[in-house]
Amino acid sequence: MILFAASLLVSSAIGILLTFLLRPSLKGGAAALLVLRLVAGSGLGLGLTSCLYFICLSLGLSRFVPALDLLLCLLLGIAAYVLFRRNAPAADAPSPAPGKPSLLKITLAGVFGLELIASVVSFVFAFLKEPHGRWDAWFIWNMHARFIYRGGDHWRDAFASGLDWSQWDYPLLLPLSVVRSWNYMGGEEGLVPALLALVFTLLTIGLLVAALASLKGWVPGYLAAMVLMGTPFFVFMGASQFADIPFSFFMLTTLVMLLTGVREGEDHSAGPLILAGIAAGLCAWTKNEGLLFLAIAAGCLFLAGLAGGGLRIALRRIGPFLAGSLPILLIILYFRTSLAPASYLTASFTLPALAEKLFAWERYAETARAFFIMGLSFTQGLVDISKGMTIHPGSVSILLLIGYLVLAGVQIEQRDRTGIGQAAAILALMAAGYFFIYVVTPLNLSYHLATSLNRLFLQLWPGVIFLFFMAAATPGEGQAKGAGPEVLPQPTKSRPLPGKKDRNAKEGK
Amino acid sequence: MPPSRAAWRQKAGVILLVVLTGYAVLNLTWQGLIARPDVPEKDSITLHEARIAQLNPLLPASKEVGYVTTVENSEIFPAEQTFRNVEFLAQYVLTQYTLAPRIVRNNPDKPLVVGNFIDGPPAPGFLEKHRLVVLKDFGDGLVLYRREPKP
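Line by line, the protein sequences give chains A and B.
Here the working numbering is used: the first residue of the first sequence is 1, the next is one more, and so on.
Here the working numbering is used: the first residue of the second sequence is 510, the next is one more, and so on.
Hints listed in this document are in silico derivations from the structure and should not be mistaken for laboratory results.
All figures in this text were calculated on a predicted structure; none of them were measured in a lab.
Warning: the hint list may mix true and false statements.
To be verified - Derived DSSO-like pairs (lysine-lysine); straight-line CA-CA distance at most 30 Å:
1. K645(B) / K572(B)
2. K659(B) / K572(B)
3. K572(B) / K638(B)
4. K619(B) / K659(B)
5. K520(B) / K100(A)
6. K129(A) / K551(B)
What the hints assert, rightly or not - Per label pair, the in silico range of CB-to-CB distance:
7. L61(A) / N565(B): 26 to 32 Å
8. P587(B) / V410(A): 47 to 53 Å
9. T555(B) / E366(A): 37 to 43 Å
10. F359(A) / P633(B): 45 to 51 Å
11. R156(A) / L568(B): 17 to 23 Å
12. A323(A) / A544(B): 37 to 43 Å
13. F372(A) / L542(B): 49 to 55 Å
14. A295(A) / E657(B): 52 to 58 Å
15. F372(A) / P620(B): 49 to 55 Å
16. F435(A) / N536(B): 42 to 48 Å
From the three backbone atoms N, C-alpha and C, an ideal C-beta is built for every residue, glycine too.
Work out the full structure: start from the sequences and follow the hints.
The structure is reproduced here in structure tokens:
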């Protein structure tokens, strides 16, 4: 287990150091920003080291992976140190004195802590019941990890095995994260997939808290995390060792970084946008639908820039985003062209069949009905196939968020309007994309909807919660000194204080 | 809306969220806790793995093996896709999961064939039709067959 911890530590360090390089303005000591860096960086590090592992595996260098990881870590550490030294005067700038936290913030922090412990206990119960995870875990993800690890030098054979039912076209972030840990440990340890599932589950919760705390305040951050932890299907899917939770983590990271990039203005958006591009690329390296997400995110970013400032601004935004995602896209391209068999969604694709489905209105009706029922009910868990889809919102669902919004109202800062609109468009287009994939699916439509729609909604759920609390009013913030958002970086010699005008506007000056 | 009224409504919203999410989180933990005594000491996949792993010493490291079960191989996937029976597919997949990186083909057309009969024996004449001869019977419905060449 020490070696597993070492593998996690190294991947986390790589991701965290990368965030230092790409977003040096986060170097202020504010707690929310620190947690955001740790959480987002740890997840990105896990994804990036799986990419590095794939490169090493393809070159026959997998036995050197720990050494190469350490070398990369060292190089990034040196670069981060140099950057830190260059900006040292800014680090010495006085930090604002921390104010007394409000009673509400303290109370919510306590409730959040209790709910976090209870959620981890629930995760452990689910793990003890099914330590190998549920269906897709051993059908796809852990199966692929075993084939690759046990296959040794013949690891490629599995992709040409003809075992199409195991979806060998699925990308390799999750299986290779498992294999990488086994490589560090020198053997196949059955606990690793479950531990990685726990890590991604906690990282997603942590990212939601930290992102909202840094962009809006701790109160919405805690509330958002409570909604996510109160989603039984989230904890259940986490313990099931599926790729949907890691996917939702990278999707949320993309949305957070895109929003941060828009908020920080054109002069400072490159770092967050590169990180957003990396996260979107890792979405595509986690699940096939990540390619759809990447295309939609890039399109929305470009169009928002075009609408807001013209072609020059659009290119300035899309450039860093694509620069972040391109290396990962090249890996995916190599994987797709040299290893992966055709996807079941495209293998039997013909234009006449597509046209027939596109004009079959009953397919739209069935899909829309499933979207409505599942949209209200997916938070509660799996569909009972024998009963079919039934409305069962439970205590936590989209209805709870709507109820909160009716009570609390909307409060969107001017500087976040574009970013929130852009992120909402991305999520809405993802849902629309899923809708049309179902309409044209080559599988039996009812079967496909019943076995996957709840998971697709769950992928979007952390992003929806994040956007919801970015838009909803919350009490307490700004009432106590220091209790509000801690997003503003310290002024640096080389960088003017960004967002000063906005901060003044927010503080009512 | 007057500020004080807005603040009260926001606080009411927070209370609503805290109560309902708290209930959901604690209810999930409680359900896990009360179900705990009924959870078997070993889960079904671990048991299935231990059972199938008995084949490992008798199988070549990288060759393909065949697979037969209680129903015809051609029925395994359709039965799952129509939700009539997911067990046959689960048993086949778990056999593959355990024996990886060997390939377990969903047919009896290989020199060595795994017989997995948790849900009962195959139809009479099935084994003869496919010229399967018992190499080793491990008990509990697990049999390793050798396929006889065509006469």
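Evaluation of the provided hints:
The straight-line distance between the Cα atoms of K645(B) and K572(B) is roughly 18 Å, inside the 30 Å bound, and the hint therefore holds. Taking the CA atoms of K659(B) and K572(B), the gap is about 21 Å. The hint holds against a cut of 30 Å. Restraint check for K572(B) and K638(B): the C-alpha separation of about 23 Å stays at or below 30 Å, so the hint holds. Of the supplied pair hints, the one linking K619(B) and K659(B) holds, its CA atoms being roughly 12 Å apart against a limit of 30 Å.
This hinted pair checks out: K520(B) and K100(A) have alpha carbons roughly 20 Å apart, not beyond 30 Å. Only pairs whose Cα atoms come within 30 Å are accepted, and K129(A) paired with K551(B) is accepted, the gap being roughly 8 Å. The hinted range of 26 to 32 Å is satisfied by L61(A) and N565(B), whose Cβ atoms lie roughly 29 Å apart. The given range of 47 to 53 Å is respected by P587(B) and V410(A), whose C-beta atoms sit roughly 51 Å from each other.
Roughly 39 Å separates the CB atoms of T555(B) and E366(A), a value that falls within the hinted 37 to 43 Å. Judged by the Cβ atoms, the range 45 to 51 Å given for F359(A) and P633(B) holds: they are separated by roughly 49 Å. The hint said 17 to 23 Å for the Cβ distance between R156(A) and L568(B), and at roughly 21 Å that hint holds. The hint said 37 to 43 Å for the Cβ distance between A323(A) and A544(B), and at roughly 49 Å that hint is violated.
Evaluation of the 49 to 55 Å hint for F372(A) and L542(B) yields a failure: the beta carbon distance comes to about 34 Å. Taking the beta carbon of each, A295(A) and E657(B) are about 54 Å apart, inside 52 to 58 Å as hinted. The hinted range of 49 to 55 Å is satisfied by F372(A) and P620(B), whose Cβ atoms lie roughly 53 Å apart. Remark: the range hint 42 to 48 Å for F435(A) to N536(B) is contradicted by a beta-carbon distance near 32 Å.
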